[in-house]
Amino acid sequence: MLILECPYCGVKAEESELAAGGEAHLKRFGAGSTDEDFEGYLFARKNPKGVHFERWRHAYGCGKWFLAARCTATLEVFGTYPAQTAEPPADLVAKIKQKRPEWEGYK
Amino acid sequence: MSTRLSSGGRLIDRARTVEYSFNGKRLRGFKGDTLASALLASDQMLVGRSFKYHRPRGIVASGAEEPNALVGLGTGARFEPNQRMTTTELFDGLSSASQNHWPSLEYDVGVLNNAVAKFLPAGFYYKTFIHPRAAWKHVFEPVIRQSAGLGRVPKERDADRYEYFYAHCDLLVVGGGIAGLQAALVAGAAGARVLVLEQTAHWGGRAPVDGVEIDGKPAEAWIKASVQALEKMSNVMLRRRTMASGVYDHGYVLADEKVADHTPGDGRPRHRLWRIRAGRIVTATGAIERPLAFAGNDIPGVMLASAVRDYVVNWAVSPGDRTVVVTNNDDAYRTALALKAAGLQVPAVVDARDRADGALPQAARAAGIRVLTGSAIAKAHGGKRLSGVAICAQGGEGNAVTEEIPCEAVAMSGGWSPVVHLYSHCGGKLSWDEAHAMFRPDAARPPTGADGTGFVFAAGAANGALYVQDVLGDATKATIAALQAAGVAEVETVVPAVKAEVEAPMIPIWVMPQGAGPDLRMKMWLDYQNDVKVSDVQLAAREGYESVEHTKRYTTLGMATDQGKLSNINGLAVLSNALNAPIPEVGTTTFRPPYTPVTIGALAGEARGEIFQPLRRTAIHDWHEAHGVEWEPVGHWRRPYCYKNGAEIASAAVNREVLAVRERVGLLDASTLGKILVKGPDAGRFLDMLYTNMMSNLKPGKCRYGLMCSENGFLMDDGVVARIDEETWLCHTTSGGADRIHGWMEDWLQCEWWDWKVYTANLTEQYTQIAVVGPKARAVLEKLGGIEVSGEEFKFMEWREGTLGGLPARIFRISFSGELSYEIATPAGHGRALWDALLKAGEEFGITPYGTEALHVMRAEKGFIMIGDESDGTVIPQDLNLNWAISKKKEDFLGKRGQERSYLADPGRWKLVGLETLDGTVLPDGAYAVADGFNANGQRNTQGRITSTYWSPTLRKGIAMALVHRGPERMGEVLEFPKPDGSSVKAKICDPVFYDKDGEKQNV
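So the protein lines, in turn, are chains A and B.
Going left to right, the first sequence walks through residues 1 to 107 as the numbering used here numbers them.
Going left to right, the second sequence walks through residues 1 to 1004 as the numbering used here numbers them.
Any given hint might turn out to be false.
To be verified - The calculated lysine to aspartate or glutamate pairs, modelled on EDC-like cross-linking and capped at a C-alpha distance of 16 Å, are:
1. K64/A with E752/B
2. K99/A with D451/B
3. K757/B with D688/B
4. K12/A with D451/B
5. K699/B with E727/B
6. K988/B with D919/B
7. K888/B with D872/B
8. K896/B with E39/A
9. K27/A with E752/B
10. K702/B with D739/B
By construction, these hints were calculated from the structure, which means they are not laboratory data.
Could you build the full structure based on these sequences and the hints that come with them?
Dropping the structure here:
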């Protein structure tokens, strides 16, 4: 059972307080998009053994969605940050790169 | 025979006799006994039967690793099956019964399986599943079902209660032996918050039994002093009878405290489930001795050497006058010496090693014990109890028996395996230790926590420090590492000196004797409980099972209730020899929680009966309850299904309610409908994205029915939206969907359109909503007085706010039945008053409360869809002929792109139609319409299925809605719906609107 810190209310939340929301930083493709773009948006998901960016909601707390970067293999949590962003904060990316030089980036 | 010794027994109190029963026989033991020690003291060598062959089984171990000695414990509401005798503390009135035999333990018919054992090899089930198929169904399965299963399932509701306890600590120490106590002393002195858990009722573990000296005193004195010192530390908490069951992500640990197992019915909770968050964990869980694989090693009387020592020293129990010790290491000589010291005979120590010159073997020789080196047990003799052993050379095939030794017990030791379960649960890796032939925790590859560093540290024997002299130093080192990882820099330590006999190296022995032929290997048990033998594992290897995980499942090795605590290492060693691959290459099976079984009651805790899950009640709940309600669960709500008049059956009540609404007026508690307020400058734009139709152009004061789809395009919720003012909309959702849809809105607002100015609030519980439905609905509201409800002033699909009978009210003129209908919302605090006022005002019009089933029947008569009936996550609105509710003007909305996908736009999809049975009966729910021909699986092709089906009291016939291939183009066609009994019903495709197609009734 993971512990993730909610970046809004500061609570170190137990996984049972949270709702998982899958991969973060997806770009939405709506009406008029190509089949390839729409397929990628709707179905293609990364499943890395390693660094992963995820959506979580502090469902039984403040109710806010936030994003988390963690390692799916070691359960190391690199950081959490608000969902209102198109890309992860630069300092977090730098921190992950330093810890995992082989990491290819979040895209 | 096994008996009680006249003196000794460090754990028993001879002054206090305890009466208990086994298989109806009244027996006596002492306070401090376990059920196992008490039964052994009463010469009960035979305690159960094995799972597959029903072989006689005796007690093998003295602790949690026991595979054989399982009993049904207690009676009636306190009965529990599969309890280990070795961990059951004796108490007055304890009632126990052996398992897995018929008609009795002594005379068991199932033992016939033993006679046909040759025909029940590894993978028997898998093989018989395949050929011949008929034999499985008619021969094997009935026989297996008759003989399978361990204990009986409890029949009564559990009389006990259970509770949860939440704990946080810097350091969790699992195990209260000398390693665990040392870890606690070090961490406690460093000021850390420490929690120490010991699974038994006693501190100190094995050290007092093994004759160890610490700080120049017997181990017992050091243990006592250490526990006293720890009890004085306010930052240290100690718990006995608490088994750490599993280690999970980020330092989460579950532990099961057996609070009142030994004092049943004393009012305390029986178990307490500890839910622990530990900063770091030290596992001082010790080691478990391994059995040796020789022929007949499952005969009652063959025990682990450490267990024999425990029974003699702790409980003053003699396993028999003559005990042969068989070993591959020095530690087992301690058992020989303990037996000798208790005045019992040890005819021989059979040592598989060619030399045994260490201090312990020398002490044994000095005590007059014969030591046979390079020797093995060729075969143990006996049936329900051991009668003797045949000795041979370890290096041979076992045919040249050098000696027959009569004996009542064998104390065997194949070396020790560290208890690595908790280290492994969360990803900690093991490495193979050649010297001790064991897997030990690899400190370089620990389970890692949120900060990326290791959070579990193995200490003492659990870390592979098998020589007791090394244990305290190893525990100290592990604790310092754990504390430093937790950020405690300064740690002062004192490591007391430990004195014990120095042990010479062991040698790995996996099969005894080394060259044993097939006849002997067929009698060498690895897994006692599931009857897996050396020959079974070798057969699996010959049949191509190379993975240890596959072999486990094929042979069922380690899959019994003991989860292979004794058998796993021996089994995988046999497998690796058969595969000619080194043991570390073969690897272990995965260690999974729980360490020992946890009773379901403890996991459930207080969450049972009425508080299993929260119940949501509307403001009118109590009224329903007092008026013959039949409840229907809807999410966490209870909604009235119908109200029964006296002895009336439910279907009659539903018909009565439908007709009352259609002819007069009915009253429905609709409070559970979701009510979500959406407000802000961008609220209209937001709702246009959420709903398939346009909501931004809805005028204040008006209502509109809307659909919501997922990005896949599939229909997920529906409801009426009312525009309250320029910036405010009130969205009604389904009863079960309110929380989900509110979450859905928040997801889009927070994560995609976070710059849009919109605020949402889920007001579902803030309002009571009551529907007044039927031709007399307006008359009822007029009688109460307040908001003007005339047809000219207040039209269909409008809403008004004001008062009704003096109560604040917002009335929506919407209809889900086809009748004249008003849904009245009032703050929940006024809900019951409004209900009562409506009932009173409606009395003269024959007002009738109705439930969800009448609601469903009426909506089906009117052809309205129901989310969850007509939709199932694969249905798009177009399938339900709801194209009118899908905007063609909007550039985008959630689901629009999904619905453009070719297979959703295909005109050949199953679409909504109505069905009328030719004979007027009611179609079975979920039935499929068959088409010509058969599919690849030999099943009839299908062309549609029923989504809703009811008896219509209005039309006096069965009506249904169905999704049918190109349905709307096939009006008048007759479809065939087979029933489970082999007959079938014929039904004609028709318009799904059965009642008042032109809407004259709702529009008056």
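Cross-check of the supplied hints:
no. : hint               : result
1   : K64/A with E752/B  : holds (13 Å)
2   : K99/A with D451/B  : holds (11 Å)
3   : K757/B with D688/B : holds (14 Å)
4   : K12/A with D451/B  : holds (14 Å)
5   : K699/B with E727/B : holds (11 Å)
6   : K988/B with D919/B : holds (10 Å)
7   : K888/B with D872/B : violated (24 Å)
8   : K896/B with E39/A  : holds (14 Å)
9   : K27/A with E752/B  : holds (9 Å)
10  : K702/B with D739/B : violated (25 Å)
Checked against the numbered hints listed earlier, the structure breaks hints 7, 10; every other hint is satisfied.
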